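> Here the protein sequences line up with chains V and F, keeping their order.
Last residue of the first sequence: 1349 (my numbering), numbering continuous.
Last residue of the second sequence: 1442 (my numbering), numbering continuous.
In short, the hints are calculated from the structure, not lab data.
A quick note: this is a predicted structure, and the numbers were derived from the prediction, not measured.
You may find that some hints are simply not true.
Here are the in silico distance ranges between beta carbons for each label pair [said to hold, decoys possible]:
id, chain 1, residue 1, chain 2, residue 2, range
1, V, Pro1296, F, Glu1347, 39 to 47 angstroms
2, F, Thr1352, V, Ser1290, 16 to 24 angstroms
3, F, Thr1359, V, Lys1276, 29 to 37 angstroms
Interface residues of chain F toward chain V, partial, derived using beta-carbon atoms under 10 angstroms [to be verified]:
id, residue
4, Asn1350
5, Tyr1351
6, Tyr1354
7, Asn1356
8, Arg1363
9, Gly1372
10, Lys1373
11, Glu1376
12, Leu1378
13, Leu1382
14, Thr1418
15, Val1424
16, Gly1427
17, Gln1429
18, Phe1430
19, Gly1433
Quick reminder that beta carbons are idealized off the backbone N, C-alpha and C, glycines included.
Listed below are the residues making up each chain.
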Amino acid sequence: DTEVTQTPKHLVMGMTNKKSLKCEQHMGHRAMYWYKQKAKKPPELMFVYSYEKLSINESVPSRFSPECPNSSLLNLHLHALQPEDSALYLCASSLRLAGVYEQYFGPGTRLTVT
Amino acid sequence: ELKVEQNPLFLSMQEGKNYTIYCNYSTTSDRLYWYRQDPGKSLESLFVLLSNGAVKQEGRLMASLDTKARLSTLHITAAVHDLSATYFCAVVPTGNQFYFGTGTSLTVIP
């Protein structure tokens, strides 16, 4: 199994809703990431979990709340989002081999905030 | 502030022609990654360059790395329509934090 899965593929939510994005990998990777990508822009790093601990938080607003329940699963809880949060949310995991990180991306969740 | 800049941002090229995309970065990194992204899709890993002078080739794409100049190039040979996509470089100066370049949107026209 060499893939990262994300659910849902698409999500439309109102500004008062609470929803969650889910990411799963069964490759034994111990680092997992959340990125936000706006159209025609590069992915922006949001969070990094290393060995199930939050290691990097790129000053992301508190309306985004990550959770790593176990080494295979990464969630992103969403609450009181703004329309400008509409974007493609990408999850990735990485493996370190001989000192080199190889990153694998999931297919993404297309989020629209109305 | 770390910067990873690509040049050009947009590239329209004819089938059969050659062209080079440049990736400049502002910090020390002895590893450089290239990714491809099709519209509405996720990122696909193309190359990992591990050291100064590294060169890798896959089909019509060839990537190289000059760590002293902090420059990587992605050379396209005899472009075909299937290569139309956005290409990103990325550096990992410390740990496992990836910094992506600005992206190059490539369109190959008949």
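> Starting from the hint list further up, note which numbers the structure goes against and sort them upward.
Per hint list: 2, 3, 4, 5, 6, 7 and 12 violated.
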